[in-house]
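Kindly generate the complete structure, drawing on both the sequences and the hints.
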Amino acid sequence: MRQVVRTHRVENKLTQAISTQGGLTIADALQRAAESVEEVREECMGALDDKIAEIETATSRQAFQGTANEMARVYTLANEILNEAGAFGLAELSEAGRSLCELTGNWRDGGIDVEPIRVHVAAMKSLRRPDIAGNTSLRMAVLDGLRQVTAKLSAQVRAAG
Amino acid sequence: MPQDRELNRWINLEKVSVLALDESVHGCKILTQILRGFGVRNVRASTDVNEARGTLISTPIDLVIADPGTDGDGIELLRWLRRQDRSVNRFAPIILVSGHSTPSMVRRARDSGANYFVAKPLTPATLLDRILWVARDKRPFVEVGEYLGPDRRFKDDGPPLGGAGRRVGDFQIEEEQKGAART
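Protein chains in written order, with my numbering: chain V, 1 to 161; chain R, 1 to 183.
To be clear, the hints were calculated from the coordinates, so they are not data collected in a lab. What you are looking at is a predicted structure, and each value in this text was computed from that prediction instead of being measured. Don't be surprised by glycine CBs; every beta carbon is placed ideally from N, CA and C. A hint or two may mislead.
Partial chain V-side listing against chain R, Cβ under 8 Å, derived [as the list claims (entries may be wrong)]:
1) His8
2) Ala87
3) Pro130
Some residues of chain R that are not near chain V, with every Cβ distance over 12 Å (derived) [what the hints assert, rightly or not]:
4) Phe38
5) Val49
6) Asn50
7) Glu51
8) Ile57
Here you go:
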């Protein structure tokens with residue numbers, strides 16, 4: 001079957017704009033962007049704690065069934081923790097968010113035991129504690145524990161086909 | 001990350017209009033703050049896909065940076081944009097920025113017509129590097145089947161030996177010079 005291919009050669013206005021006179025050097029742009037992000041650090045840290053608390057509240061309720069809707073909400077919050085903690089250099093908290101995404105992404109239709117989610121919440125809360133946040137080896141230990149939980153459960157999913 | 005020799009290069013993003021879409025309020029703030037640090041004055045930040053659609057209908061945009069969202073609404077918005085024959089933003093460069101992605105989401109993102117896919121968490125260095133890359137991107141837009149977006153093939157080493165070529169020129173071609181499409 002012959003397939004029609006159309007090509008469009010378009011002007012990229014971005015190309016022209018970037019090279020106009022004025023502006024700033026790349027080094028300055030990076031420096032200013034880093035400073036600009038710092039302006040919202042406090043607010044974003046508060047939001048991260050709120051997101052962890054929301055997952056904790058949702059999964060501690062007796063009524064939590066791990067339905068598709070409930071799992072979707074936990075997945076969304078975990079993804080936001082991954083993104084926003086990482087933007088502020090909280091690498092282990094970001095990785096904990098990724099681990100929870102992996103976990104809940106495998107059970108988007110529900111059916112997961114809530115306990116592994118609670119383990120992630122406990123780990124995230126501990127990573128926000130100043131004594132652990134300031135200790136690299138403790139942070140790594142917390143993260144290693146989470147990776148093992150997620151790897152074990154993911155292996156179970158693969159084995160179940 | 002820009003090379004050391006690039007760090008003293010001057011760039012000017014003051015007059016660039018950017019649509020920043022992220023359904024997370026704080027994700028959107030972080031993205032907006034990074035862009036303002038780069039010197040972008042005109043950031044149209046949105047946490048709502050429908051609001052972003054309204055902006056794309058009513059306002060000329062030079063660059064779209066969008067998080068597809070965990071349900072992929074952002075991807076559908078970009079596919080919609082590429083199909084708007086009369087929109088001034090139809091061929092706007094698009095950078096998708098995404099955190100955790102399922103394999104199906106990656107496939108949908110690949111076929112969305114975006115110019116580049118960036119993994120979160122965002123850092124200023126990575127984002128600026130990709131913006132500059134997109135500004136240098138000279139790939140033509142290709143419209144074939146359901147796809148409309150930059151040519152997804154980055155290299156052209158010719159057709160494989162003994163095989164039929166699949167590039168433009170191997171099919172019936174309707175070459176359209178649309179240099180004025182975005183003017």
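Checked hints:
no.: 1; hint: His8; verdict: holds (4 Å)
no.: 2; hint: Ala87; verdict: holds (5 Å)
no.: 3; hint: Pro130; verdict: violated (21 Å)
no.: 4; hint: Phe38; verdict: violated (5 Å)
no.: 5; hint: Val49; verdict: holds (14 Å)
no.: 6; hint: Asn50; verdict: holds (18 Å)
no.: 7; hint: Glu51; verdict: holds (19 Å)
no.: 8; hint: Ile57; verdict: holds (18 Å)
In this structure, the earlier hints numbered 3, 4 are contradicted, and the remaining ones agree with it.
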